[in-house]
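**Q** So the chains spell out like this:
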Amino acid sequence: MNRSTRFVVLSLLVLLALVVSACAPAAIPAAQPAATESAAAEAPAEAAAPAEAAAGDVVEIEYWQYNFGARVDAMNQLIAQFEAENPGIKVIHNSDIPYDDFRNKIAASVPAGVGPDVATLFYGWQPAWIDAGYLVPLPEDAFPPDQVRAEFSPMVEGSFFQGKLFTLPTAVRTLALFYNKDLMAAAGLDPENPPRTLDELKDQAVKCTVKEGDEFKVYGFIVNPEGQAHHWFREVLLRQYGQQPYSDDYTQVLWNASDGGYEAWNTFLSFERELGTGIAGVYENDQDGFLAGEVCFHLDGSFRLGTIASNAPDLNFGVVELPEHNGVKSTFGSYWTHGITTKAAADPARLAAAIKFLQFITTPEAGKLWVGIVGELPAQLEAANDPELLADPKLGAFAAGLPYAQSTFFVDESKDRQAILDAYDAVVLTGADPKEELDVAVATVQEMLDEFWSSRP
Amino acid sequence: MKLTLRRRQILWAYLFLSVSLVFFITIRWYPTLLAFNISFRDWNVFKGAGDWVGLANYADIWEDFFKPRSAVRAAFGNTLRYVLFGVPLQLALALSVALLLVRIRQLAGFFRAAYFVPFVTSAVAVAFVWNWLYAPQVGLINQGLKILGLPMQQFLRNPDLALPSITVVAVWRTIGFAIIIFLAGLQQIPDIYYEAAQIDGANRWHMFWRITLPLLNPVIVYLAVLQTIEFLRMFDLVQNMTQGGPLNRTTTVVLEVYNEGFSSYNMGYAAALTVILFGLILAITVFQLRVLSRRVEY
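In order, the protein sequence lines correspond to chains R and Z.
Heads up: the first sequence begins at 215 in the numbering used here, then just goes up one per residue.
Heads up: the second sequence begins at 111 in the numbering used here, then just goes up one per residue.
Possibly wrong hints are sitting among the right ones.
[Claimed, not checked] Just a few of them, taken from the derived set where beta-carbon distance is under 7 Å, the chain R residues facing chain Z:
{"#": "1", "residue": "Glu426"}
{"#": "2", "residue": "Phe430"}
{"#": "3", "residue": "Val496"}
{"#": "4", "residue": "Ser628"}
Everything labelled a hint here was simulated from the structure, so no lab data went into it.
The structure displayed is predicted, hence computed values, not measured ones.
The beta carbon of each residue, even a glycine, is placed where N, CA and C say it ideally should be.
Using the sequences and the accompanying hints, generate a full structural model.
**A** See the structure below:
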């Protein structure tokens, strides 16, 4: 083979490769409509049996959520009930996407017009999804804002964006205080009387801490901003010291707007700095110490009950509402929420079906079904006030927090958390001035908010 | 067209090569070119291909670089620190071990394998094992310090110790590879040089300094370039040991790329950082090849 032939062969191969690579992105959207079409072809055939005349009237909507066994089960049951009540609507449940890919898949599918009509998203993602034009506001006649505000836990305020309601949840989660009964008893504390106030928490955490020289044998209470503790500072401690964390329209960070804010910050720091009840980040994961039975008191969400049940089934523990202070009770709430996409809004029949479906999966009954399978709390106060749920030794404390739970509006949760973590580390690890560090954290988060709002009317 | 056997063989060779070529073009080169493109756009995962914004992403990085407590500045500073501490330490240690290994005859295979094992271990597994070793209070290293009556350390939480601690793990993890390459290099040096030197009355130190080291130069250059690139791309160990903390003392450029791209979804900004890192690696590599390579003739 001479040089020119070789050149020709090589360039042909390169060309071939380029063609292949150029085709690759186009092939993905092309494949999905095909799948939808085949599903669409099946649906009328099924519906034709019960109502021959209405064969063409079956509306098909797609519902997407990320893959999590219990959630998939619960939603399958809700869909079955919904379809039985609404024979004219068929819901295709797509739950094959792993959590890590979920946002990317949605991002690829919605603009291509092949994604969900109703999708489940973390409430913190809502601003980005609205910006991207995926979600449409929920119609006020079907979801009256006043009624939503009255019937749902106050944390659902996080579903309103610039005054409009965009999503609604079936279930929500709150934070509460886990306590290890055996360690409390060993420290001479009454395991049936866990801390109810912040002062009691400080006192009991100190008593529960066991040290040998420099070495901790038992940690009374670890404040770990990398875990859930940053929520505790923002939504609980600040409010208890009379300082709301952000302005009502979320344009201003107010953590350091009053002496109360600094006091809350000092309390947050005091467990490691003054009381010596723990070291932040001493365990690989926030919950490891509590699971290992080496930590007395631990802040966490209801979702941790499942972790404990499977990893430390013998742990003798209880759960109590977060300690109050100055007569203020508060907890942080977060939730997965359902929204209607622009794809559904493009077709009146599909939109109507999507609205019906969303109404159905956000009823108190749906919430009750959900708590039994997933372990998340019903978002509707009516279902959350269920005496049986409130009496539950573990879930009760979380449910009790629903009427006063607050969700935070995050522009970027990980950066917001990082600001608090960095301020904490600067004080605890390098001995920097607490006041100054809180100011730096506020400035960092404020800059993020300014940037976020600057691109909006 | 009638093809001779030789031509047909060559054609087949190209055919097989083309498979990997297609792979490289689609999986490596094409996305690389796309990254350059994205770095000039306001590209967000949710919005897809965003507007052309020219150098705005680069301007943002420039601006962020000079902010107080800038994570980007910390990332570039730390990345250079990893290279400056890591590469010389690794080359010196690897050469020392290789010089010892080349002498032993018994259990030579065992030792070589033992040093090489960390290299074939997943970085994530390595990170977790070392997390436990470094763990405050209960970690093996701290228990050792306690027995020796020394104060216990929070290796990965201490702003001054965190980066050196991770560097040690990085060196430990890839030293096996450097040792194997050094061993190959050492075995290439003909014995006659040493014999001649011995006759001339040279001592061991002279022989190492005048024969071994100069003749190993190509190997040293190769390893220095490769390991520098490796340390410049530092990510997995940091992500799994400290996530860049405490106070950005261990973060790296690649980690910032990851955080910006996949946690904050600022793909344009992340792509621009990648392009800068690409330029940095290219510049350092060219510099190393120019300065370190010199022909040694005997």
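**Q** For the restraint on R/Ser628, tell me whether the closest CB of chain Z is nearer than 7 Å.
**A** holds, 5 Å
**Q** Grab the minimum C-beta distance from R/Phe430 to chain Z and call the hint holds if it beats 7 Å, violated otherwise.
**A** OK, holds: R/Phe430 within 7 Å of chain Z, min 6 Å.
**Q** Is the hint on R/Glu426 kept, meaning its closest Cβ partner in chain Z is under 7 Å away?
**A** violated, 10 Å
**Q** Holds or violated: is there a CB of chain Z closer than 7 Å to the CB of R/Val496?
**A** holds, 5 Å
Hint check: a violation occurs at hint 1 only; the rest are consistent with the structure.
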